[in-house]
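Asker: Protein chains in written order, with my numbering: chain A, 23 to 169; chain B, 11 to 294.
Incorrect hints may have been included.
Said to hold, decoys possible - Keeping only pairs whose Cα atoms sit at most 20 Å apart, straight-line, the calculated EDC-like set for lysine to aspartate or glutamate is:
no. : chain 1 : residue 1 : chain 2 : residue 2
1   : A       : K58       : B       : D132
2   : A       : K66       : B       : D93
3   : A       : K113      : B       : D93
4   : A       : K58       : B       : D93
It is worth saying that the hints were derived from the structure and are not from the lab.
Being a predicted model, the structure only gives us computed values, none of them experimental.
Each chain, letter by letter, is given below.
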Amino acid sequence: MALDKPYLDVPGTTIFDAEQSRKGYWLNQFCMTLMKAENREVFKANERAYLDQWAMSEEQKQAVLARDLNRCISLGGNIYFLAKIGATDGKSFQQMAGSMTGMTEEEYREMMIKGGRSVVGNRVIGEDGDAQAHHQPQGQHSPLGAH
Amino acid sequence: MAHISASVYTSHVPAIGAALDLGKSSEPYWQPLFKGYEYSKQWLKDNTPDVIFLVYNDHATAFSLDFIPTFAIGCAAEFQPADEGWGPRPVPKVQGHPELASHIAQSVIQQDFDLTIVNKMDVDHGLTVPLSLMCGQPSAWPCPVIPFAVNVVQYPIPSGNRCFQLGRAIQRAIQSFDEPLNVQIWGTGGMSHQLQGPRAGLINKEFDARFMDLLIASPEEAAAIPHINYVREAGSEGIELVMWLIARGAMADVNGGAPVELLHRFYHVPASNTAVGHAILKNN
């Protein structure tokens, strides 16, 4: 019998469950090593060589090199692990989270100051909120233009 | 006999720690947030407990994917602030209370909650930011702290009801400790926020207000909220709110005692990506 996963119909959201964790095991474990200052230096000096030390897929390595956090998450990464990459780059959680929306840093910060993203239209896949697939990317790069 | 005198609820956003550590707390962006904790800082000064039992979650800091304990109790004599990738926060080390912690571990496990006992771990912003919010920037924290880490990172995580019942077991454990200690229990994390994907930045003030109402007045009802409601309504990281239910379950009114008193309630949007909620409940 399949496991109960009632969270698969939430738009723009990947729940880090046991299956995602298995997929992302080495990606996430690589991130953990960036909690040591000396490892951060080695990583920054030659990212590719550093990544090659772990049994990550080529796709996962490319996603890290491109700092494509959405891709990292779809490949099993979890934001609290991936945050170690952001910290190594000197990025805040807000900059990291914002990067996954397509918005510029300014646009995302502005959205938060105005009270954040509304849940309306963003509860279930198929509604018409700004987090739905057909509205990506958001912000000035949106096919609909800035709004 | 030890007793629980009060419970504190607060978000634990890392950017709040950074704002304090970098001297930005008087900037217009942060001022309203810290203002909401002025009452609380004075209250804690006037009502410093002997021990704080601090419920928080580790953010892939002490616990990587090597092992993922659902409930972990820190029994060590001290805990160092962790390097989460930015270098450790410049805050005091955390003194534990090994005697009370191991007493609670034994009592709670005998009540069928199978805790993981941790004798060595660093503590991340989940634990140190609530201390900073409530204590400011002292050279030492005002009392020993027992860290209690809950897995809310990898699903499945414990249900709200499981957390609430665990809080009740913790209350019984504390009450059976022979020394006359004054203990506070803190529940941290939340409120609505999502840090990932195109839905990042989600905030739901209505959900948060309703959750606070229920937490205070109808905690059993709050404990019955299923995971999916947190995810859908309060964002994927809003699930941290289940940790508040552990603290709430340890209060007297839900364990056959007198009604609790609400001393303080505060809510602010945003701190970075997050809605900040805060409350203090006192046992009478």
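Asker: Does each hint fit the structure? Answer for all of them.
Answerer: Here is how each hint holds up against the structure:
no., hint, result
1, A/K58 <-> B/D132, "holds, 13 Å"
2, A/K66 <-> B/D93, "holds, 17 Å"
3, A/K113 <-> B/D93, "holds, 15 Å"
4, A/K58 <-> B/D93, "holds, 7 Å"
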